[in-house]
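Here is what each chain is made of, one letter per residue.
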Amino acid sequence: DTGVSQDPRHKITKRGQNVTFRCDPISEHNRLYWYRQTLGQGPEFLTYFQNEAQLEKSRLLSDRFSAERPKGSFSTLEIQRTEQGDSAMYLCASSQDTVQETQYFGPGTRLLVL
Amino acid sequence: AQSVTQLDSQVPVFEEAPVELRCNYSSSVSVYLFWYVQYPNQGLQLLLKYLSGSTLVESINGFEAEFNKSQTSFHLRKPSVHISDTAEYFCAVTRSGSARQLTFGSGTQLTVLP
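Here the protein sequences line up with chains S and G, keeping their order.
Here the numbering used here is used: the first sequence runs in plain steps of one and ends on residue 114.
Here the numbering used here is used: the second sequence runs in plain steps of one and ends on residue 114.
No lab work stands behind these hints: they were computed from the structure.
Where a beta carbon is used, it is the ideal one built from N, C-alpha and C, also for glycine.
Hints should not be assumed to be uniformly reliable.
Simulated DEER-style distance windows between Cβ atoms [as the list claims (entries may be wrong)]: (1) 15/G to 10/S: 28 to 36 Å; (2) 17/S to 15/G: 42 to 50 Å; (3) 12/G to 72/S: 43 to 51 Å; (4) 60/G to 98/S: 29 to 37 Å.
Per the computed footprint, the stretches of chain S lying under chain G, defined by three or more beta-carbons under 8 Å from a beta-carbon of chain G, are [claimed, not checked]: (5) 35 to 48; (6) 101 to 108.
Which residues of chain S face chain G? A partial, calculated answer using Cβ under 10 Å [stated by the list, open to error]: (7) 51; (8) 53; (9) 55; (10) 91.
Could you build all of it, start to finish, from the sequences and the hints given here?
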């Protein structure tokens, strides 16, 4: 069990640039979640996938954000035209589709927009 | 929708003393409850969870939490803390039966002092 992995672990970018993050879930997990965590706060839900289908999106996910999971395995989260307010930790979690599902989190990607 | 309130943002405690981290939730439907722990520079790790059955749940490292439906609480306790328990603790809730996104509290920083 290699756990959930995320890449990169840290990203510094200039305002207006596009960034893309990758998440590799635990291999047998068919659900994948993205959360955002700002300093001093708990994680906030952004979106989740069941296999390759994006089933739910938070109102936090503006149209500058897009997430994909093309083959139902890894996922990418892209932020276009980054703003300083996008600076945060972006967390990925995965789980199995069972009634008692437990979400397992990756280490996160810390984004700093200058 | 669900919400979580963690009443204490910082809890300092001396080593070997007992500790209680408070969590209250709000929901109009049945819920599952979770405690996650985040050590410095690491991702969120599941500490314990309540899904159904016994209202008292325990973790492998001596923490326990009790689900109290009438008080809508899920407080985390440990009778004797160690320096290594220093971390941020997050309470989270999701609706039961078809668990999807987690709603987190703002976290409690537990600092164990020598």
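Each hint, compared with the structure:
1. 15/G to 10/S: 28 to 36 Å: The hint (28 to 36 Å, Cβ to Cβ) holds, given that residue 15/G and residue 10/S are roughly 33 Å apart.
2. 17/S to 15/G: 42 to 50 Å: Between residue 17/S and residue 15/G, where Cβ atoms are some 46 Å apart, the hint holds.
3. 12/G to 72/S: 43 to 51 Å: holds, 45 Å
4. 60/G to 98/S: 29 to 37 Å: violated, 21 Å
5. 35 to 48: holds (count 8)
6. 101 to 108: holds (count 8)
7. 51: violated, 14 Å
8. 53: violated, 13 Å
9. 55: Check passed: Cβ of residue 55/S comes within 8 Å of chain G, closer than 10 Å.
10. 91: OK, holds: residue 91/S within 10 Å of chain G, min 7 Å.
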